[in-house]
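Protein sequences appear in the order of chains A and B. When the letters of the first sequence are read in order and numbered with my numbering, they come out as residues 1 to 404. When the letters of the second sequence are read in order and numbered with my numbering, they come out as residues 1001 to 1205.
Calculated directly from the structure, the hints in this document are not laboratory data. Just so you know, even glycine gets a beta-carbon here, dropped at the ideal spot from N, CA and C. Errors might be hidden in some of the hints.
Stated by the list, open to error - Here are some of the chain B residues that sit facing chain A, going by a computed Cβ distance under 8 angstroms:
(1) C1058
(2) R1088
(3) W1110
(4) L1148
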Amino acid sequence: MEAMDLLLEEGELELPSEPMHLNMGPSHPAMHGTVRIVLELSGETILKADVQIGYLHRGFEKMCERGTWAQVFPYADRLNYASPMLNNVGYALAVEKLCQICVPDRCQYYRMILGEFARIADHLTCTGAMAMELGAFTPFLWFLKAREIIYDLLEEETGARLTHSFGRIGGVANPPSPSFKEMCRGALPRVVALVEEGEKLLLKNRIFLDRVQGVGAISQADAIALSWTGPCLRATGVAYDVRKAHPYLKYDEVDFSVPVGKNGDAADRFFVRLEEIRQSRRIIEQACDKMPDEGPVNADDPRVMLPAKDAVYTTIEATIQHFKLIMEGAKVPKGETYSYTEGGNGELGFYLVSDGSGTPYRVRIRPPCFPITGGLAKLITGGMLSDVVPAFGSLNMIGGECDH
Amino acid sequence: MSKLVLERLVAKFGSDVLETHSDFGDDTARVSPEIWRAVGEFLRKDPALDFDLFVDLCGVDYPERADTGERVEVVLHLYSIGRRHRVRIKTRVGDQDMERAELESLTSIWSGANWFEREVYDMSGVTFRGHPDLRRILMYPEFVGHPLLKDYPANKTQPLVPYRSEAEAGVPLEKLAPFREDEGMSFPRRGPGHAVTPVADRERD
């Protein structure tokens, strides 16, 4: 039988040689986060990539300039919605730095415990979603089951599962519930057991490992030059963790280690996050032991703290103070400060400028995943199209934070 | 906190460092915009300072300073992972209409500055000379104005960007490319000698 293609001229046999343009996102089923990646492909190799963000931009910084200092908390919740408590604490610490307030020990431990639970939830979401995007659905369900336990605990404490708005300038909204420590100690082993069960499905899974090992690798020098922080930077071997380098709250009084990776690839970022879950467990356990059961929670500072409710209803001074704090807002001294904490994705910074009034003059957030997403184009250029999904998944881009 | 950074900065640049303070423990220096890049280079390269992490860049608008051409304060935060110290560098640019609101780009010193400078350009209207790809990042290309300037009303709305009609696009709508040429990255016109031109094309030419 005669071959069909003999009739064709040689030139016609060639595959199209022009690079192909592909538009990925902004709503792509295999990517978490609303981001658009414009790719130039030669075959399946990425020649050029352009990452476009901003789809979740809500004008966070502009909104903050309209209300009082305390009204920023609900907005801060919605930045990194995978770990809202860390944003709450970060913002509260920034304003307290301006006001030069130091909250009592009990509150510091309380904030630390809640924050570490939020960090576990954040890492569970990221690692679980990353596995799911690569086709491993079961670990995702296991990790979310563990996250539910944390959400239940946070709901018990704060009244809300996700957007707690629990931080206050000079403390927290409510003191710890009587069974708080008991709940923490009960929840931790259950969370870790579920994590271990989910892990088992992945850590020896050839299909999963092949998709993540060596994928999206970045060198130490490049990661630093790109302003990366957090687990993504630590996966390259740089042990920079704000909790260790510049301890805030009571992180200098608990014993924990900073896990680092070696290769800076998607697998290392995955492992670093899993290990950080275990370190967070250690932190919570120690903090539970050290946290005083009695004593004041909130700072005793009438400049920022609302007076007790019974005093508001019975004395004119407290009524006026309450009214002024709500209507005009707490007066934060004039000045500027940059306060930084370790968020779920890295250094979460707040640069605040106050003109001495009850409204922030400028609230600038330094979202850790903004520069990390900025490095995504470098990460995937030269790789295969299918590697975009694990590389992007391992960065844990959170749209609300990245897009302000 | 040590004052080492500020001392070295003043020793190197003298009167171009306009003011310094260490309020709340944050070492801060305000420099004149002309030496913006030189300061960045010095802070990065000086072995005793070694600021390797570009932490943050943002603009703060002070309309009352517009008369002196110091309307927007561009604030840079740097950190040194090895030496564990931080510094804040500020400079002021721009008048009422944001004329001459220009700075030299720092992208060649820290590649991470790329997106931060785009954001300051987008939100506060400061242009960065020598930036490889200065376009809006959080807002869309059709957006008018810079939202974080104080004279941009917070409740202002802008019209939706209409879809192009077939007459405007010049091709049937289903044949339209998913993005326009001026949108997203600029894809260079391909020709002989271009890095991605396949060999076969080059020979044909």
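Against the structure, the hints come out as follows:
no.: 1; hint: C1058; in the structure: 4 angstroms, holds
no.: 2; hint: R1088; in the structure: 6 angstroms, holds
no.: 3; hint: W1110; in the structure: 6 angstroms, holds
no.: 4; hint: L1148; in the structure: 6 angstroms, holds
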